[in-house]
Amino acid sequence: MDELPVVDLTDPAFWSDPYPVLAEALGQHPLGRGVDGGLIALSFDAAEMVLRDPRFLTTDLLAPRGITEGPIAEWWGQVMFSANPPVHTRLRRLVSRAFTPRAVESLRPRVVGITEELLDDFHGDTVDLVAGFAHDLPIRVMGAMLEVPAGDHRHFATWTADLGLVFSSVHTPELLSRLESAITGLNGYVAELIADRRRQPGDDLLSKLIAAEADGDVLTEPELIAMVENLLFAGHDTTRSMLMIGAALLLSHPEQRALLSGNPDLAAQAVDEILRFEAPVLGSGRDAAEPLNLFGVSVEAGETVTTMSLAANRDPAAFENPDRFDILRPGGKLMSFGQGIHYCLGAALARLEGQVAFPMLLERYPRMGLAVEPTWVPYASIRRFEELLVTTT
813 MDELPVVDLT
823 DPAFWSDPYP
833 VLAEALGQHP
843 LGRGVDGGLI
853 ALSFDAAEMV
863 LRDPRFLTTD
873 LLAPRGITEG
883 PIAEWWGQVM
893 FSANPPVHTR
903 LRRLVSRAFT
913 PRAVESLRPR
923 VVGITEELLD
933 DFHGDTVDLV
943 AGFAHDLPIR
953 VMGAMLEVPA
963 GDHRHFATWT
973 ADLGLVFSSV
983 HTPELLSRLE
993 SAITGLNGYV
1003 AELIADRRRQ
1013 PGDDLLSKLI
1023 AAEADGDVLT
1033 EPELIAMVEN
1043 LLFAGHDTTR
1053 SMLMIGAALL
1063 LSHPEQRALL
1073 SGNPDLAAQA
1083 VDEILRFEAP
1093 VLGSGRDAAE
1103 PLNLFGVSVE
1113 AGETVTTMSL
1123 AANRDPAAFE
1133 NPDRFDILRP
1143 GGKLMSFGQG
1153 IHYCLGAALA
1163 RLEGQVAFPM
1173 LLERYPRMGL
1183 AVEPTWVPYA
1193 SIRRFEELLV
1203 TTT
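Residue 1205, in the numbering used here, is where the sequence shown stops; the numbers in between run on with no holes.
Please keep in mind that the hints were generated in silico from the structure rather than gathered at the bench.
Watch out, some of these pointers could steer you wrong.
[Said to hold, decoys possible] The following label-pair restraints were derived from C-beta to C-beta distances: (1) 1136 - 1074: 54 to 62 Å; (2) 1136 - 836: 12 to 20 Å; (3) 832 - 857: 16 to 24 Å; (4) 1030 - 878: 33 to 41 Å; (5) 966 - 1015: 19 to 27 Å; (6) 1179 - 1029: 26 to 34 Å; (7) 878 - 832: 17 to 25 Å; (8) 1113 - 924: 48 to 56 Å.
Treat the numbers as computed from the prediction; the structure is a model and nothing was measured.
Each residue gets a CB set at the ideal place from its N, CA and C atoms; glycine is no exception.
Could you put the whole structure together from the sequences, leaning on the hints where they help?
Structure follows, in structure tokens:
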């Protein structure tokens, strides 16, 4: 066995403050290993290579755990983020037009309106920005794009949050039961939604997905259902994480908060710096399709390499003063939305929500502050707080 630095993801202390451990490991080698021996891509260059090199394929999270049939396995086999070329190429081609920069920018007035409604609903001197803001904004934006009845948003929010359990490091019977229940509930609801939209098409995202065509190809019914679920999950859970993390960062860095408050046109830079400084997603797994050499380390066919966004985004070889939160930092490549063919389809939408939400939050509540220091949820691949309590006056 090589002598790569070991990163212990099973240590609860890691999840409270992972950066000293990651910095020490990255100082030794671009790659590390987990306590289970699995390879971890730590440096920006290593992570980028793993995500862009066609010799790496999407990791099957379920088969190694004995989940090869049933609703969970069927769902995993349909969603775009688990697919490899040529299936992934075909699916992405069919839906990408709905997420062009122009199409996303047209949503700005709607995002502004939803944000205003949420801010209007703040009551009392202390508010939980997770429950009352970060959780609701992305699901309401996605619900509006799909023209889902407002009364159904809470069902979507619960189901999509439970879909994220598939990325948990441990699959307990209780967890699998919740995951299967979410898939079953969402499958039934989305199927009814599609049937309704076939009868009465509109100008919403779902109608566009139904009508999507490329070279005579269209999405099948199971692919349509999986695509809507893919978009709901990706458009809610990770954006929710970005919003709560971003609010906490701005409130805990007064000088950066003042910069953004006085210069709302810095919103795009601020969102990118939030995404860099505290990546919402821990990383992604890729399996080597053939034997290869990665930064001097032999990788066997079928061996999994997991990228570590938190380390890559703080790599001093890629970012000057990486441990400084600076919204004036020049823009550049990030690892927060991935790289390569699986680069997040909804990246522009997530950025838009942050660019709208953070300046509006600070303008509406200029005296807002952290009521208590938020606590990271341990072992969460999509990083989050259970609550983010703030004072509004």
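> Which hint numbers doesn't this structure obey?
Replying inline: 1, 6 and 7
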